[in-house]
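Peer 1: Given next are the chains, with one letter for each unit.
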Amino acid sequence: MRPRLSDMSVDTTKSAAVPSVGLLLRLKLRLLRNRLRQLVDQSPLQLLLIIVFVATIWGGLYFIFDHLLVYIRRFEEEAIIALPLIFHLFFFSMTILLAFSTAILIYGALFGRDEPGFLLTTPNPPRNVVAVLFLESLFFSSWSLVLLGLPLMAAIGQVQGLPWHFYVVFLVAFLGFVPIPGAIGLLTALAVALFLPRIAKRAAMYALLVVILGVIIWWGRLWNLFSESVSKQLVDNLLSELSYLKAALLPSSWVARAIELSIADRPMDAAFYLFVTVATAAFLSWWGHIIVAAKLLPAFARAQSAPHRPRRHTSGATSLVTRIAFFYLPRRMRFLILKDVRNFLRDPMQWSQLVILFGLLSMYLVYLPRSRTEGFPTEWQALICFLNFGAITLILSTFTSRFVFPMMSLEGQQIWLVALWPLGRSSVMWAKFCFAMTVTAGTALPVTWLSIRAVELPAGLATLQIICTLAACAGLCALAVGFGAVLPNYAEQSAGRISSGLGGTVNLIASVGLVAVSVALFGWVCWEMAQAGRLTLTSVNSKWALVALMALNLGSFAASMWIGVRKFQRQEF
Amino acid sequence: MAIELEAVTKCYGRLRAVDGISLHVGCGEVFAFLGPNGAGKTTTIKMITGLLTPDAGKITVCGHPMATEAQQAKSHLAYVPDQPFLYGKLTAREFMVFVGQMYSLGGRTLEARVNEYMERLSIKSFADQLAESFSHGMKQRVVLAAALLHEPEVLVVDEPMVGLDPRTARSVKDLFRAWADAGRTVFMSTHTLDVAEAIADRIGIINHGRIVACGTLGELKAKARQEHRLEDIFLDLTNPQEPPERHEAAVV
Numbered sequence: 001m002r003p004r005l006s007d008m009s010v011d012t013t014k015s016a017a018v019p020s021v022g023l024l025l026r027l028k029l030r031l032l033r034n035r036l037r038q039l040v041d042q043s044p045l046q047l048l049l050i051i052v053f054v055a056t057i058w059g060g061l062y063f064i065f066d067h068l069l070v071y072i073r074r075f076e077e078e079a080i081i082a083l084p085l086i087f088h089l090f091f092f093s094m095t096i097l098l099a100f101s102t103a104i105l106i107y108g109a110l111f112g113r114d115e116p117g118f119l120l121t122t123p124n125p126p127r128n129v130v131a132v133l134f135l136e137s138l139f140f141s142s143w144s145l146v147l148l149g150l151p152l153m154a155a156i157g158q159v160q161g162l163p164w165h166f167y168v169v170f171l172v173a174f175l176g177f178v179p180i181p182g183a184i185g186l187l188t189a190l191a192v193a194l195f196l197p198r199i200a201k202r203a204a205m206y207a208l209l210v211v212i213l214g215v216i217i218w219w220g221r222l223w224n225l226f227s228e229s230v231s232k233q234l235v236d237n238l239l240s241e242l243s244y245l246k247a248a249l250l251p252s253s254w255v256a257r258a259i260e261l262s263i264a265d266r267p268m269d270a271a272f273y274l275f276v277t278v279a280t281a282a283f284l285s286w287w288g289h290i291i292v293a294a295k296l297l298p299a300f301a302r303a304q305s306a307p308h309r310p311r312r313h314t315s316g317a318t319s320l321v322t323r324i325a326f327f328y329l330p331r332r333m334r335f336l337i338l339k340d341v342r343n344f345l346r347d348p349m350q351w352s353q354l355v356i357l358f359g360l361l362s363m364y365l366v367y368l369p370r371s372r373t374e375g376f377p378t379e380w381q382a383l384i385c386f387l388n389f390g391a392i393t394l395i396l397s398t399f400t401s402r403f404v405f406p407m408m409s410l411e412g413q414q415i416w417l418v419a420l421w422p423l424g425r426s427s428v429m430w431a432k433f434c435f436a437m438t439v440t441a442g443t444a445l446p447v448t449w450l451s452i453r454a455v456e457l458p459a460g461l462a463t464l465q466i467i468c469t470l471a472a473c474a475g476l477c478a479l480a481v482g483f484g485a486v487l488p489n490y491a492e493q494s495a496g497r498i499s500s501g502l503g504g505t506v507n508l509i510a511s512v513g514l515v516a517v518s519v520a521l522f523g524w525v526c527w528e529m530a531q532a533g534r535l536t537l538t539s540v541n542s543k544w545a546l547v548a549l550m551a552l553n554l555g556s557f558a559a560s561m562w563i564g565v566r567k568f569q570r571q572e573f
Numbered sequence: 001m002a003i004e005l006e007a008v009t010k011c012y013g014r015l016r017a018v019d020g021i022s023l024h025v026g027c028g029e030v031f032a033f034l035g036p037n038g039a040g041k042t043t044t045i046k047m048i049t050g051l052l053t054p055d056a057g058k059i060t061v062c063g064h065p066m067a068t069e070a071q072q073a074k075s076h077l078a079y080v081p082d083q084p085f086l087y088g089k090l091t092a093r094e095f096m097v098f099v100g101q102m103y104s105l106g107g108r109t110l111e112a113r114v115n116e117y118m119e120r121l122s123i124k125s126f127a128d129q130l131a132e133s134f135s136h137g138m139k140q141r142v143v144l145a146a147a148l149l150h151e152p153e154v155l156v157v158d159e160p161m162v163g164l165d166p167r168t169a170r171s172v173k174d175l176f177r178a179w180a181d182a183g184r185t186v187f188m189s190t191h192t193l194d195v196a197e198a199i200a201d202r203i204g205i206i207n208h209g210r211i212v213a214c215g216t217l218g219e220l221k222a223k224a225r226q227e228h229r230l231e232d233i234f235l236d237l238t239n240p241q242e243p244p245e246r247h248e249a250a251v252v
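Chains as they are written, first to last, in my numbering: chain U, 1 to 573; chain F, 1 to 252.
Here chain F stands alone, though its shape is the one from the complex:
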């Protein structure tokens, strides 16, 4: 398994942001993590990446428990946050080289990969400009390219499509699919349901800190007993009028 969450809970004061969720994501999967605002998506992602410590439960990445073998777990992982971070006084190329060096890449391998991902995500035209002048979409592309440099087994992305132009968004979707086809894992949180529908192998829906549904698109449709689009299923399962009900997640 690439990512395993066992009864993970995280509380902020009295609020249970994540309430005992269990989730297994295998190698070669694109997993889309959906949920309304404040449902617990980003908290879950931050726990998977080791930025937050769960109050209860266990998280494992590529067989390494995050609590005890954080460094090994992180070496298999790359994270692209919803608000991309770049050093304003570094150029895109300098930032990518720095990230590559952190993962012990160097020499021609690093240079080749930097060029390859710059090409793939259309970064070359602004590669040598300082990041402080970049738009959100440009930053998103650079951060994504830097995250892919060391070819991590698990790629965790929070809202990857925000700010991307249609051509780059298409490239990113293709890239994620190819990443999973190569036996790697993409764990993606998104509000863009079309993207989830198009490329995700499985979809998990979180609401009020609990997984209310998890499975392939077909399984979710069967669960919701309707042959509608993912949008309808999502709206049905996360209806704020109804009290949160714990669904048994269809963990594959």
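Pulled out of the complex, with its shape left as it was, chain U reads as follows:
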């Protein structure tokens, strides 16, 4: 068929029509609508299960927050200090977490190849592209935190018996605050695209340098703090050390102050801080997106123009390390893991996040030996043992949600290759689990061992803590691999976006839930020991708590792997 085009006149002087930002927003809403419609039409049971699961986790979190707040209220003086501090600490942590996660997501969204490559060849002004992708990244990076914040809000409101305006202030403060770290993340992503050295090794050295510098600064501060004896002075020092969280110029302290004032039934004063927060968020977002839009094209071009340098032959070392670390696996599974290790090491976006997580663990390692003092009271030994277990398992849950969960989705995209190997699909899943388990256990056990030495735990309890940590590693890794197979995202190539999507969020909530219950059970054991004044398992209750902890984590391991393997084997691609 010959097309009829010869009657069309060509006008190269026609003016460029500028599409509105609303068009891109409508596109994103349509994508969301289509996704939901597809889920309702094709997998209503899966949708129902997700809703029930999330509701259960919310209920669980509400229960924990509620009981924690009731417990704190028993100690009136401490509650007066602790409650505001919780808000300041919560929003300060959120600033860092959101800035970091938005930076990762917006970098992939703005400087990846596909969508920006398409949008930037159209007459869409860069401002529109930046504005919409910024909003989308903000949504993805914050929605899991928003969902986690809701049970906290409900628990505070219920325990304190607060009026309706508290809920309004909390929600507005939360939503008004989110763009502030988001804008910081946006500008960070631009700086990375424009200025970060493109040679991975140099970038790695800079990242390590930053982490080490951070550790040294913190080490110095904590050295002073924990070299004091364990006394009221320590608590005072700790509060004074955290006083910078209340600095008047920190946006996190405005939000925390607004909530505090709302709890104190002073809604008009709270409104002032809300106004400051929202105005700052609007200012930063507006200028952030204008600056990024102005530099978008050169930054995109730079991000796309990785230097073509021949890679030096380093596969021998990686192969050797993999062979040693995974000696217990069959050869073919080792090859699969070697492929994952190489992919991971050659992707700076991936390993730079791991460096930061390891940085956190390093900080922990640096401070641990300083907390040792002569004649450590039994209660403090039990308390520190409990805190160590909680800190390690929480970091592990972050690690598995961020790095382990996306592995099945990424592998599924190459299933045409993997499925042809003489290696069953179940072996693929087991290889992922063994990879994750080896890395998490290899990191967690030395830290646990150091913490045990620091508080001089007796051998029996030390063994018990190691076994509990191993069980938590197994439970968390299996949960991430299993959810990765049950709720995969085969369309997304960015591991960061996979982990911040629906499946990743469900996995994160489930992991936090598993850790919360495990830590509560472990805490019970420590509490019983502290009450008895002896670090031995004497009461029947504590023995049952340990049995429950092991059963929970091993049950999570067995159920997750069984369900995940079945799903992955039946999956059609």
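Read the hints as simulated data drawn from the structure, not as lab findings.
The structure presented is a predicted model; accordingly, all values stated were derived computationally and were not measured.
Simulated crosslink set (SDA-like; lysine to any residue; CA at most 20 Å straight-line):
1. Lys89/F / Gln413/U
2. Lys89/F / Arg30/U
3. Lys543/U / Thr378/U
4. Lys139/F / Leu119/U
5. Lys89/F / Gly412/U
6. Lys58/F / Glu4/F
7. Lys89/F / Gly112/U
8. Lys339/U / Gln413/U
9. Lys28/U / Phe98/F
10. Lys139/F / Ala491/U
11. Lys89/F / Leu502/U
12. Lys28/U / Glu132/F
13. Lys139/F / Tyr490/U
14. Lys28/U / Leu39/U
15. Lys28/U / Gly100/F
16. Lys28/U / Gly106/F
17. Lys89/F / Gln493/U
18. Lys28/U / Ser104/F
19. Lys89/F / Leu119/U
20. Lys28/U / Arg93/F
21. Lys124/F / Arg108/F
22. Lys89/F / Ser494/U
With chain U fixed as given, assemble chain F onto it according to the hints.
Peer 2: Relative to the frame of chain U, chain F by itself:
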């Protein structure tokens, strides 16, 4: 001129991916851009579409410099990349409507054009399916149809024939020829030499970032001093055994 490149250079680290090329493509032309893998074709195309910024030189599309009037230049341009991008959760029709709206089309004009190009590129049978289930060829057709909706003066296509069945490939070839006959321009990078031979008015061959030959098929044959097929000329001019030699491009 539809597309003008003046001494354009692009480096990736120490590698000069595009090394001072100059090229003029006029209105009403189908220009085939050939070269071995890694010769600099896609980099050149990305610079023409404004996705990459040249380190040196100047690029103009329909009289608008890409460096200073990108938005005006892009409104005359459509680009179909080698890896077609579609939103997985949009249907083919929704994607086409969205692209049309970006170019300020609407109402009956948009509806008519969507239907026309769907018909022409045999998309109607899967028009209302989500793009995530499409094969490469289906995606290629949808992206091409969407690119043509606003009837751009310059159509830049990177490997347009990959994944297309013979009937659609024939339709696309006819479409490109008709597009040029209507006074518009098609700038096409391809490894399918038969297509270049069949529909291109002029052919440019790039190797090691430099234009080693440019002209009509007859001019290239004369330059290569042989009456063989384009394939032989291409293999002769891009022989990896010989050091890259700068040929004076026969710029028309």
